[in-house]
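Chains F and E supply the protein sequences, listed in that same order. In terms of my numbering, the first sequence opens at residue 1 and continues consecutively. In terms of my numbering, the second sequence opens at residue 1 and continues consecutively.
It is possible that part of the hints are untrue.
To be verified - Below, a list of computed lysine to aspartate or glutamate pairs in the DMTMM-like style, where the Cα atoms sit at most 25 Å apart:
#1 F:Lys68 with E:Asp40
#2 F:Lys252 with F:Asp568
#3 F:Lys576 with F:Glu793
#4 E:Lys59 with F:Asp568
#5 E:Lys59 with F:Asp37
Unchecked claim - Not everything, but these chain F residues come out facing chain E in the computed CB check (under 10 Å):
#6 Arg63
#7 Leu130
#8 Phe133
#9 His135
#10 Phe547
The set of hints was computed from the structure by calculation and includes no laboratory data. If you're wondering where the values come from, they're calculated on a predicted model, not measured in any experiment. Ideal Cβ positions, reconstructed from N, Cα and C, are used throughout, including at glycine.
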Amino acid sequence: MNLKRLFDIRRWLPSRRRTRDEIDEEFHFHLQQRALDSEAEGMDPAEARRDAEQRFGDIRHYREQGEKVLHGHARRQARASFADGLMQDFRLAFRLALRTPTVTGLAILALALGIGANTAVFSVMEAVLLPSFDHPDADRMVQLNTTGLQEAWAQGRAVPLSADRYFEYRDQTDAFEQLVAVSFGNLLLEGQLRTTLSLTASDGFLDLLGVQPLLGRGLSRDVDVRRGPASTFSPGTSNLEMLLTYDFWQEKFGGDSTVVGRTVNFGATREGDPIPRRIVGVLPPGFQFPPMRVGRSLRTVGFAAVLPLSEGFWVRDVRNYNPFFVLGKLREDSSLEQARTQLEAVAARIGAQYPDEATIVPLLTPIRELPRVFYGRSLLLLWAIVVSVLLIACLNVASLVLARTAARDGELAVRYSLGGARRRIVRQLVTESVLLAAVGGALGVALAWAGTRAAVALFPGSMRGLADATINGSVLGITVLLSLTTVLLFGWAPAVLASRVNLAERLKGISRGFTLSSGRIFQWLVATEVALALVLFLGAGLLLNSFIRLTSVELGFDRDHVLAVTVDLPRAQISKYGTGEGQIPVGDVHDRLIAAVEAIPGVTGSSILVGSRRAGLPLVGRGGTDITVEDRHRPGVEQGLSGFFWTNVSPGYFELMGIPLLAGRTFGPQDMSGTEDVAVISESAALKFWPGADPLGKRLTWGQQDLENEIYDRRYYNHRLFTVVGVVGDVASADLTEDAARTVYSPTARGYGTEYARGGVVLVRTSGDPSALAGAVREAVIGVDEAEIEVTEIVTMRSLFSDVVAQPRFYVFILGLLAVVALVLVLSGVYGVLTYMVNRRRPELGLRMALGAHPEAVRTMMLRQGLTPVALGAVGGLALTFYLGRFLTSYLFDVRPSDPLTVGVALTLVFGMAALACYLPARHASAIDPVDALRME
Amino acid sequence: MPSDAIEVLKGTLDMMVLKILEEEPQHGYGITRRLQALTDDALQVDEGSMYPALYRMQKRGLIEAEWFLTDNSRRAKIYSLTRAGRDELMREAAYWKRFSGAVGKVMAPKPGAIG
């Protein structure tokens, strides 16, 4: 190919023009050559030209003929070039989209919402519910718990293991490559005031995870804690070792590699005694610990350092103390079933030896199945919801695409009859679908991204894991694929149908539309959409209703005008305050804190609560204390109660919190001497302890104590008996939907454990907005002893409450959002389809009106046509909701699935909106000008 | 134009063009000249009618066209025979041979007929 040809501008002109130019040039060349030849033979130039023209014949005629032949040829050549043809198809498709803006726009909206909303919701929920854990051996990893303990609070629940039981399971089975016990504790680094979380792990811990230390080595093998003397733990002896996590190493030691092998002082005892400990290694960065069942949640626990299990002096001989989370890795050649059989055999042997433990059975759960165990139904529900919305979106897209294609069957029939190639026309229709799918899909992906970001921004810090939410690729893929398949399928099928249509009939007007003439398929699509949307809408309504009830739960205290200030003291060894010689009693700090806060203008009262961290404060934590009451052995066991709260409060606490006194008295200054041990109990605790009897004057104590035989729970350092002097109202616990917190209150007096406390919660009642005083309160609190007192948190009781309802609020928001999306989809579907039907029936409607039909009647007819499938769908949706009601109940609080108000509102909304969506096209129908409509025909 | 020129039989023009192109690729005018030379100007054809015929054959894929520069630096559209064209020519030529032979037999003067 020569360059001149390549750069010939004419080649780039539109083909028709180019063809003409080429013909002209060719003819011109011919005429000129002929004239030149004649001239060469002696003819004079003018005559030669005339002669040439005469010989050539009618130039215009031949040019036209040539053009006709050649242009067709050029077009075919162009079409052979795929890109050219595609561009043409897309141009056409684009023009069509502009010509049918409503239907096209609605279809794109449906696609975008279906893909975007679903993906965003699923991604967000996944981040919130499922801790991530990637490990090559994750499939073989299991968590071992036990269940069926005598203690009622553990019945049916999975509980961790005691040390003895762990060793029994580990040593008497061989199905596991590793079986590792871990527990969590606080670690206090020398020179550091606050503790960090540490992990105590048995050996094999690193092998379990297949991890090599970044620096140094792993922990030495366990000393057998069952036989070693308890004093192996005493300070000064130690081969005590420690592994640091990468982050902690960076943070505390600045990534100094010489730290490995060095001995530093750490505290790990309850008193925080310093213990020399050797750092033997550093874990690699990005070290990931598997998610575990911890209490009632599934989570990945973070920690700063790993200590060997051998140090747990408290683990021996206490068969009913269960601090160990056990993780295992199955041997490659053994199955879960084998492992279970072996464990059960061990359990049976233990049961024979210790009859108390005969009911305890091992519970082995693969790590991969933990999410299902925890959120099985919720995940299923989430999937069902997402699939429903996706289905609605697909049905919607299907009906709109179908309507769009159906509206063109006239055009298609004409094209076929003019000899349009069947394949060519089908391709055109598919191209249109592709364009639709591409635009909708792109918008959907954008929406998914924006939605996920928005959720993270909307609920900052309120949900664990939310901040890490990223788009779930596979869900995005599935939704995109499904939506696009729908578009292509429903774009392509009518095209094929159209190509089979009886042309003669179609052109004669006998057959309107291909097989879609009755519009029945649209009615089914709409009805299904409405049914699904109603279920979602009802579900969301019920959840919202529950939420409203939840937030108006009787809290049992006055949440307004109260500030809760959590204060922290340094560990006893380096503090001025403590029980040691020369140390100031902690109680004095409490008094001074109260006095300092009460001196602030605007503060009307102050009290202090001392528990483990904030436990015991309303709305915080769950009770875990066992209580023994006089004359009744271990009430918890007998009555199937969960744990109790035991909280120490200073006088004035009940008055300040607005907790009502029901019987007897509250604490006064006289109770602070500790001469008489008194307690105030909550109403529900009283009911559980002494049902039907007067609790006043009765006595109780903490722990599981055998008072008659004087056998005491060794976890409690003394066994005072407290006399009940008062009964107060219940306060709500962290889980609002559960029973109120059963609480035992004792004064903050010396001797009740508070003297060892390293902190507490100062409660401050204010006359105005409590948060306005937060700064002043903080200053006053720290001002008591700037060197030692730290304020770790200041919250209003009101914000504590909104934290508690953050999770349900989040779920209501998510489901509500999806329900609204579903509703919008359905409405757009109803509107789009009815608009299409009105357009189709234009000539017929025109004829009716020309024959005297009242516009009103036409409007009613179209309305009826639009609303019939909506009504059908609504009935179906209601039936489905009631059928699913059982399933929903566990997600509802104080609302039945058939709640008439919710059902009524949902029905009215869905139906009302659908009626509105139908009204617009129906009105349009009644405004048809008969003359116009008939002329069209 | 000679008054005794013969009207071209339908379809035979195409065949003749293919035959000429078999010798060598040519532009339209060249084909015309060659045709006239070979038939001693006996055929009565508008020279312009050559072009729709060429375009038709191009469309049928019997010949292909490309622009080239001629000796005196003018652009000329040169036609050449394609594979399909060569096959078509063979078929047409064979047919023509049979056809003209048959017609020739009929038209040949019989002995003794003049008489």
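Violating hint indices (sorted, rising) = 1, 4, 5, 7, 8, 9 and 10
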